[in-house]
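Protein chains: 4
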Amino acid sequence: MEAVWSADAHVRGMLAFEAVLALAEADAGVIPRDAADTIASVCQTVTLDAFGIFRDAARAGTPAIPLVRMLTERTPDAARGFVHWGATSQDAVDTALVLQMRDGLDLLAGTLRETGASCAALAERYADMPMAGRTLLQQALPVTFGLKAARWLAMVTRQMRRLREVRERISVLQLGGAAGTLASLGDAGVRIVELAAERLGLAPPDLPWHAERDRVGEVAGTLGVVAGAMAKIARDVILLAQTEVGEVAEGGAPDKGGSSALPQKRNPIDATLAIAASRLAIGMVPIVLGAMAQEHERGVGGWQTEWEALPDLFRYCGGAAEHMRDALRHLRVEPDRMRDNLERSRGQVMAEALTMALAPSLGRDNAFRVVRDLSEQTRAAGQELQEVAHGDERVRSVLTAEEIDRVFEPAQYLGSTKQFIDRALTEYRALVTPAAGDATDG
Amino acid sequence: MEAVWSADAHVRGMLAFEAVLALAEADAGVIPRDAADTIASVCQTVTLDAFGIFRDAARAGTPAIPLVRMLTERTPDAARGFVHWGATSQDAVDTALVLQMRDGLDLLAGTLRETGASCAALAERYADMPMAGRTLLQQALPVTFGLKAARWLAMVTRQMRRLREVRERISVLQLGGAAGTLASLGDAGVRIVELAAERLGLAPPDLPWHAERDRVGEVAGTLGVVAGAMAKIARDVILLAQTEVGEVAEGGAPDKGGSSALPQKRNPIDATLAIAASRLAIGMVPIVLGAMAQEHERGVGGWQTEWEALPDLFRYCGGAAEHMRDALRHLRVEPDRMRDNLERSRGQVMAEALTMALAPSLGRDNAFRVVRDLSEQTRAAGQELQEVAHGDERVRSVLTAEEIDRVFEPAQYLGSTKQFIDRALTEYRALVTPAAGDATDG
Amino acid sequence: MEAVWSADAHVRGMLAFEAVLALAEADAGVIPRDAADTIASVCQTVTLDAFGIFRDAARAGTPAIPLVRMLTERTPDAARGFVHWGATSQDAVDTALVLQMRDGLDLLAGTLRETGASCAALAERYADMPMAGRTLLQQALPVTFGLKAARWLAMVTRQMRRLREVRERISVLQLGGAAGTLASLGDAGVRIVELAAERLGLAPPDLPWHAERDRVGEVAGTLGVVAGAMAKIARDVILLAQTEVGEVAEGGAPDKGGSSALPQKRNPIDATLAIAASRLAIGMVPIVLGAMAQEHERGVGGWQTEWEALPDLFRYCGGAAEHMRDALRHLRVEPDRMRDNLERSRGQVMAEALTMALAPSLGRDNAFRVVRDLSEQTRAAGQELQEVAHGDERVRSVLTAEEIDRVFEPAQYLGSTKQFIDRALTEYRALVTPAAGDATDG
Amino acid sequence: MEAVWSADAHVRGMLAFEAVLALAEADAGVIPRDAADTIASVCQTVTLDAFGIFRDAARAGTPAIPLVRMLTERTPDAARGFVHWGATSQDAVDTALVLQMRDGLDLLAGTLRETGASCAALAERYADMPMAGRTLLQQALPVTFGLKAARWLAMVTRQMRRLREVRERISVLQLGGAAGTLASLGDAGVRIVELAAERLGLAPPDLPWHAERDRVGEVAGTLGVVAGAMAKIARDVILLAQTEVGEVAEGGAPDKGGSSALPQKRNPIDATLAIAASRLAIGMVPIVLGAMAQEHERGVGGWQTEWEALPDLFRYCGGAAEHMRDALRHLRVEPDRMRDNLERSRGQVMAEALTMALAPSLGRDNAFRVVRDLSEQTRAAGQELQEVAHGDERVRSVLTAEEIDRVFEPAQYLGSTKQFIDRALTEYRALVTPAAGDATDG
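Protein chains in written order, with this note's numbering: chain A, 1 to 442; chain B, 1 to 442; chain C, 1 to 442; chain D, 1 to 442.
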């Protein structure tokens, strides 16, 4: 992701724009074929000083101005007069940006695919492994670790689909000339836009979009959601990795997650850094959205804001995804601790199961009250809920001792867990198999 | 939008959930048909104290808890025991939220459609009305006011499309039970989800999504983009309405936009309030995205954040859209000022036209340098560029006096303007005509 | 906080402004004394329709316009012509805002003071109660619960100090007339500003600040920090309240924190809602800061943004503080669980103590390596670190068996804990005792 | 600012921490003097691979871990065992951060001082130069350009004062050991903190602040306000520089602000980039504040977020300030355009002056209505307000023809303008003169 958003990549993108612009103009008969071929060839082979371009950009206001100047200097005399013909700086900068966003989205989709693969493996392997489901960080009732992984997976799968849609939507050329009329191309403007777009594998835009940045905004919103999704998984991993919970640990390199003071520490570093990266990525989203209010035919401040915010957004979102991919790939799962923790509530985690066992006879509302009483009694007395239930007349009038015992087996109270896991696996696999997928997120 | 996000509407949504839950459970044979009918009937007719519910929510942690309590109290004995059977608070709250988001999206789509209609009318009427195109708030070269409106229109049309997609994607039921396993519904869970979803006109979710909030995040991102789009149009209107520019003014009621101190003032109130609303809406986006990191099976802080942030997001985004609809509907356009302003640059706004007229003979780079010289000369001498061009040998060696004069006619230098306007109109109309559209954003 | 930021309170603030304006102008001889007295009297006694004012504000652009209109209508003929003399809408709106911010800051300071009192009580009571210190949510080495509370306290104390400073700085009148020159007051402008400010207990501003919103921005930043501080404490409480940790629980009303599905649940509701409120408050900060770029002599969008963002910021920040005050006031502390958890690391939490005991002889770097080895050995074998240490030759060559045992007593490895707690208590008490404090945050 | 926040500077800061730690520990008799001297000497002379440190930090979780490892390797045998004695990674990282923040604040204060100097020069030079005051971007009544500059100056001066306070408050050492108890330093902890702090010119903290980040949050809020202040000035400059307004232009290098397509353009590049930088800086603020909810004794995600967000915040805020400094230093002011624009409202800009001239006789409310009528009449008829006033009986019954003419002289309707300018100059000068200032922002 660093490479995709490097100064060099941006320069290469602008050169790609200048090349196809010239070629498309030659196709349309607006500039001589020879000149176009020369320009395209220079664009492909020239090495420009990206550092110098960005240093000069601070004075020029855009990197396209020094780039066009340098490119013009390097182009042989006969073709020199046709460089950047009919275009404006923003045409080059925005098209380069589009190419970088497309690459960035592909990279991110690839990372999510790997993350999804790890989730799928965990979902399948631990489909039947009971653990405490937790709401507001209190034990609620049993789930399985496979279900938790399946929920992560379903979210990742949905994001992979979103990235495809957004990729499609933002893969459009920018070409409008200085004020978006293509005035300098006479009658050939629309035709040249189509030809140039095709050469870059982009769609032609309906209209130039110099100051209508909704496509950019959509990318930002989408990456913000991906970053939020990564934080959700990271938060779960960190909570499960707490000393007192201990149900998972990050694996990876042996020296990973140590401490400078504490010899015993094994910190969940990848999930930690994923959370940091996610916060940073999400922080970029309103910057990009707030920058959408761009004035008239070219923004004075808003457009320039994107130049820092978008690369950082991709870097941070990519970082969050990569850290979570690594965390999940090497995740160590501790089934014993899952079992131990389920037992630590002294049966309280099965209170709903008991309620629902009583409900057909007592009504849900009465059953709820009975179990709440028993639950408080249990807590006060430091007993097991199962034991208290056995001793309670209201319960005994409805359930046999055997039925009561059965209520307290977590594996018998998992409802649709299995079906949910299967669905998440099916959806993910449908998306990543060659037939359903396309070449872009391989 | 206030009504959609009122406490009453949320209560109605939760009651709708409780009703279809009971009916679907009866369909699946899990609870008695009579009980379900009774519950559904109470849900339709009962009037609950929304204020009291939300006051108690601060203690209970969710509004569903007091609601279920009140509903249970109001339900006749025989059915009482089957209220909220197998569900959890979040099932009711989230499903109500989905219903409100769906209504909110429909309302917003309707407002955008009206905004689009005003843009379309302006685009058509002023298609040929030249005005100064401005980049970085400097006059650049001529556009038409119709083109500016067409660019607004294209952006609005794209957002209408996005809202449809998002509406589709978020219209899913929430039903997972206390930890997302539907354990309390035994084998019937998945079937009940399908039946309940169908009754509400929602899709059944792949998996319960109590703590996977990517759908909510996508709504936030999308509304943020709509808000940004509104701010772009608002900013343009405000800049055009400046005393020194004066190309448009907000119309509307005669007392609108007055001042308490200045008798002559006509402030662009709608655009001003649209900008404020847009900033507020965009500010909600990272709050919602940042809240996505929800812990395990139910979030402790993040989920609760949505309860304020989402309604505000819809209100502010809706407000921005409504203000811009009103501003554009009553917009007064001043063609004379557009013409005057075009002339105020002393011909500099046609500098690119002159460059492109010279470029076929001199090369774009040389032509650019020549015109930059002339332009500076013009500025220094306080002359007209046209006049200076006539007196310059380099120009005269390439262009006849007649050709020079023609260069300085804005209407001759509009390139693909007309085609762009047509496209924007075509796309908008295709979307809003009954055949292409659907019932939801009428 | 709701009351401070109600529409009524804003109307009262604007009326207070209009009253002192008239009185100060009479003092300066600019308007007749009788007229001023009449106006001031009307302002004190009149009841205006706040709802109507805010409804009309949407057309007028500010609430001051309908307010001045209504006030003028209610003022007897002889004085009517002197209402709002020389002022502009923003003078009234901003001064009302200042009065509300001052009240809001006082309220918040009072809440923090109570929060501080709870922290102080906890710090003192549990000064010597060992618990696991946790870094990156891994047990690190012992702290005491008193120290944790003392760190919360020190942060709260610092915020109380900050609020006092900010209160001082923002308590300034706004009065500049329509463009900030006080032109309509002739030579008397500056004098009237001083007189009016004094009557409201405000400072006169150096210059009118209609479009220079740094004071408002500072309030926003400061409240954002307070909100962040509340979230830190809330997060700690929630983590300590987890079923698997169980070191604290929220107390309060017996039905607080229940669940609609789970009879056994005791959710940490106050801390949960504090986190939500904190996220919302922090989300308001960039909205206010982003709105600072206000155009020329009065902003077109930015100023209007504050009208929603500032009240919400105070409400949310106040809410976070109130929830944490309640959570801490009723906090149930479980010393047994603290002891149990300290033991659950099998002595690993004392690894640094062992390192430092070995370091004088082995050097810190060697000691660190030795203990890291022992620690891994312990983990692999499922043993106690103390036991492993006893069996290790490198340790035995340096420490006696007695010394080893002593290393593993948490209470012996608390360093400066006691001094830190004392400092936090001293600083808090110095701030809240009458001599040191002032009347404003009582 | 790039240098202050470079990886090298961070490494140097951590080495400075390790040096004073050793020296203070020797002072307190905890480690041998020779070892301390050796360590301090290595810290001063060693060159570490900053790139390698940050690469390894991604695995270790903090840059202090690889730094301590490298430093230990480079330290001669006898002293090696005393490196990083009793400290934790965060002690080194946070102290380095404090040193960088202090340098960053000094740099920023210096830039603001220069910006203030330019504002002061403009305020003085153009104190009497009338221009249109504009509210909601409509001409309101006259101000002077000196007053506008004085308002900028007053805001800058207030920010300089704020930076001093914040600098004082954040200049505290971090030293708490692994869980903030300084357990590994026995009884000497507090003493060593004092000694180490003194050696770095920092204050000792009341308590360690590993997870209480309010100081960091305050820096973020303060820099956000500075960034907002810069955006206000930048926005004004850009609006004044519009082709249709033309009252100022950015100067600077002759090739600055050109265009790749438009030979005549002179874009306000510095103000444009200041706005972009300001938006980015403000975007960092909620990231830092949101990261304050750090868990227990060390944050898992929040702390790590600061590592990117704080340097970026300083860079962007510094960038905004530097661009505005440059924009104002070279600002070209166009008095002729100011005069022309004042006349373009056809006297409407003097409507309040006319109202106030009529008010003593008619009452403010009646006078307001009369002038509003005249104003509308003027607009409808395309006349001058002055002319219409002369022809109006209601006006003529109160004012002589001479008095009417006098009303329309802008220079006679400037109220307290002069006094305000003087105040702003006085405050700024008091702050920057050696007696009042201190060494830190020279």
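Please keep in mind that the hints were generated in silico from the structure rather than gathered at the bench. Treat the hints with caution; some may be incorrect.
The list treats identical chains as interchangeable, and a pair is accepted whether it falls inside one copy or across any two copies.
Capping the alpha-carbon separation at 20 angstroms, the derived lysine to any residue pairs in SDA-like fashion look like this [stated by the list, open to error]:
(1) 418 with 396
(2) 256 with 52
(3) 418 with 401
(4) 256 with 390
(5) 256 with 55
Exercise for review: Classify it for me, residue 256 with residue 55: is the Cα-Cα distance of at most 20 angstroms met within a copy, between copies, both or neither?
Suggested key: So residue 256 and residue 55 pass the 20 angstroms test across copies only (13 angstroms; inside, 38 angstroms).
- Task: Pop the pair residue 256 and residue 52 into one bin, within, between, both or neither, using alpha-carbon distances up to 20 angstroms.
- Result: between (39 angstroms within a copy, 15 angstroms between copies)
- Copy assignment of residue 256 with residue 390, given that the CA separation must stay at most 20 angstroms: neither (49 angstroms within a copy, 28 angstroms between copies)
With identical chains, the pair residue 418 and residue 396 could be close in the same copy or across copies; at 20 angstroms between alpha carbons, which is it: within, between, both, or neither? Classified as neither; 31 angstroms inside a copy, 54 angstroms across copies.
Is it within, between, both or neither when you check residue 418 against residue 401 at 20 angstroms Cα-Cα? For residue 418 and residue 401, neither the intra-copy (28 angstroms) nor the inter-copy (54 angstroms) Cα distance is at most 20 angstroms.
In summary, the numbered hints that this structure violates are 1, 3 and 4.
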